[in-house]
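Protein chains: 2
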Amino acid sequence: MGTFHKTLSLLLAGGLCLGAAAQERPLPEGTTVSETALFQREYPRVDAQRRAYFRLYAPQATEVKVDCRAVYAMEKDPDGWWYGRTEPLSVGFHFYNFLVDGATVTDPDSDTYCGSYGRSSAVEIPEGPEGDYYRPQNVPHGQVRSVVYHSSFSGEYRRCMVYTPAGYENSLTRRYPVLYLQHGMCEDETGWARQGKVNHIMDNLIAEGKCKPMIVVMDSGDCGIPFRPKKGEDPGKAREAFGASFPKILIQDIIPFIDREFRTIPDRENRAMAGLSWGGHQTLETTLPNLDKFAWIGTFSGALFLRGNELPTIHDGVFANPAAFNRRVHAFFIGVGSEEGDGLKRLSESFTAYGIRNQYYVSPGTAHEWLTWRRCLKEFVPSLF
Amino acid sequence: MGTFHKTLSLLLAGGLCLGAAAQERPLPEGTTVSETALFQREYPRVDAQRRAYFRLYAPQATEVKVDCRAVYAMEKDPDGWWYGRTEPLSVGFHFYNFLVDGATVTDPDSDTYCGSYGRSSAVEIPEGPEGDYYRPQNVPHGQVRSVVYHSSFSGEYRRCMVYTPAGYENSLTRRYPVLYLQHGMCEDETGWARQGKVNHIMDNLIAEGKCKPMIVVMDSGDCGIPFRPKKGEDPGKAREAFGASFPKILIQDIIPFIDREFRTIPDRENRAMAGLSWGGHQTLETTLPNLDKFAWIGTFSGALFLRGNELPTIHDGVFANPAAFNRRVHAFFIGVGSEEGDGLKRLSESFTAYGIRNQYYVSPGTAHEWLTWRRCLKEFVPSLF
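These protein sequence lines are chains A and B, in that order. Position 225 of the first sequence, counting from 1, maps to 224 under numbering that gives the first Met the number 0, and the rest follow consecutively. Position 119 of the second sequence, counting from 1, maps to 118 under numbering that gives the first Met the number 0, and the rest follow consecutively.
Calculated from the structure, these hints are not laboratory results. Any given hint could be a false lead.
As the list makes no split between identical chains, a pair holds if one copy fits it or if it spans any two.
[Said to hold, decoys possible] Computed list of lysine-lysine pairs in BS3-like fashion (alpha-carbon distance at most 27 Å, straight line):
#1 Lys75 x Lys229
#2 Lys209 x Lys344
#3 Lys64 x Lys75
#4 Lys292 x Lys211
#5 Lys230 x Lys75
Since we're looking at a predicted model, the values are computed, not measured.
Modelling step: build the complete structure from the supplied sequences, incorporating the hints.
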């Protein structure tokens, strides 16, 4: 079929070329393919010591490194394939990228995820049964929906991801509370549904009766790029402006749209917001000025630029009267990984000392990474509604 | 906040490093950012002559090329950034990858899509108003749902993407016909919803009354890797085995699941299947032995390994009685790009000469690429149901 068959032959040739050399070095003993590997790929791999194994075909490269929580040199075989291995990693999901002669790039064998500098490769170091809560189980499954809406604020069509719990469609009368759940810097609306495994976490908690059935809305926080003040720009002002469009779009466009399109309970008592890292910052920027719209607040490794001694005055004095704040906000969650330092612990203690009721959670053995945030979600949602 | 702030600082540093040098070469005049660029990225770019512009930071690389329908050398600036430009491309969606000292990698500035060798970067050369049918319009919007199901055939949890038309939820009584729509080699269940823009195409056609509201189900065809026979394996047998699990999973698991989970009309008269490239091959492999389950068939640049002179005997003689076939199959669509050669034209003519009614469509000016398949979908679905 002429050109058409040429196209297939090119794919075939590509297959041969990619595949043939792949046989040169045997698969390292005691390793298995990471769940993040693309269909029928043999790498990235992991072993029982929680080490990750990588390879890349780069015949003319003079230096290839892999950046996976730390930077590791890779070793070149005569056939042009480079191989690398990490030290033992913490369990869970880790972004990585290759550095090919100074170029930061993804791994052709790995699926790609929003995060890190843009799109990144990733490896999942398996947990034991304690990780079953974010794995698909034989329970009723909800759906994650990609939904298009028009933003009057930005004047463009946007899309958000909406988790609906199992059974949502089997009754036209039941209405549900809503959690607005945000990602971090360099990420987008796909983060929670992909590396966050939000649907499995919610399905399993709901099936066990550990949390109420709820709708979870995930949008792009307009912070999908590394933060960088422009030349001569004041860093403080730049920080205030970074992702600042999102709270306006959420209040003005997203919430009204979700309350129209889905069977929500459209009041503050049934509306929560949480976010990780920069999304935690955006959660406070969104909820604190709008406590008429939100009664539940969560931050996961939140980029919280608060100081304990400023509590009486910041955010237009929303914390000034702790008793009043505690009456209005039914959950104020501050989660963090044990390897992230004690800044958020001290902030939680400042809130407590000042009389602001808050729930402080530490994810053991994890840093600023997605397993911390899966665990934070698991700890936060049972307290909702 | 110790490590936590270090993490933010690293992101910040990353931003400065990525961003600073980016100012060195001014943006080429008369160009705009491709819609495939990540949030606030400046590349890839396109101009009015339908040329694509790329850049990559690879300070120590000795050779960087970009492969976008053809391979183009890129030029290095003293600051470590490489720049490249294509010749005029056809309108529509084109995959591309960089070749960094022989390593095939994606572009950090572009979103990534299933296709090509695995995950690929892409650039969209804008059409005029003739492309409005795959752009979001002010019409009622359906949803694309990510749905988890268990496959008894493969013994694993899988997920499929399901388009439900606008208004699907507003009545619990209305039932809908179903189109099963497959991707091609090296792709997966995300292809049609991402680069295929299936939801916009369906929303717009339905809003104009050009096609019936229907459910569209997109799954992984288990062919997401370049086809390659194993050493010593018979290429014909290898080809038969490539993606051969999918027809079984579709019949045994997916169709029953969809008919349970969604409000379908679960009979052959209201069930269609179509696929592109290898998905076209899988469509014939699935539908022809199961005409009790499908009455509508579409192939878009299908990898159809049929010869006109074999029509009386192949596929257990399903074509042997043209009149009977024409009575059972209400649409038999063969679409292709004008730049793909005349193989499928000759096949269509063989079918016609033999008495098999079929609809042959040629996408003008396009090759084995996604604009061909968006157009095929637009031509195919109005004939359904």
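Hints versus structure:
Proximity of Lys75 to Lys229 under the C-alpha cut-off of 27 Å is restricted to the inter-copy arrangement: shortest distance 25 Å between copies versus 40 Å within a copy. When the C-alpha separation of Lys209 and Lys344 is checked against a cutoff of 27 Å, the pair qualifies only within one copy, where the shortest distance is 26 Å, while the shortest distance between copies is 59 Å. When the C-alpha separation of Lys64 and Lys75 is checked against a cutoff of 27 Å, the pair qualifies both within a copy, at 11 Å, and between copies, at 21 Å. Only within a single protomer do Lys292 and Lys211 lie at most 27 Å apart by alpha-carbon distance; the minimum there is 19 Å, versus 40 Å between protomers.
Within a single copy, Lys230 and Lys75 get their C-alpha atoms only as close as 40 Å, which misses the 27 Å cut-off; across copies the closest is 25 Å, which meets it.
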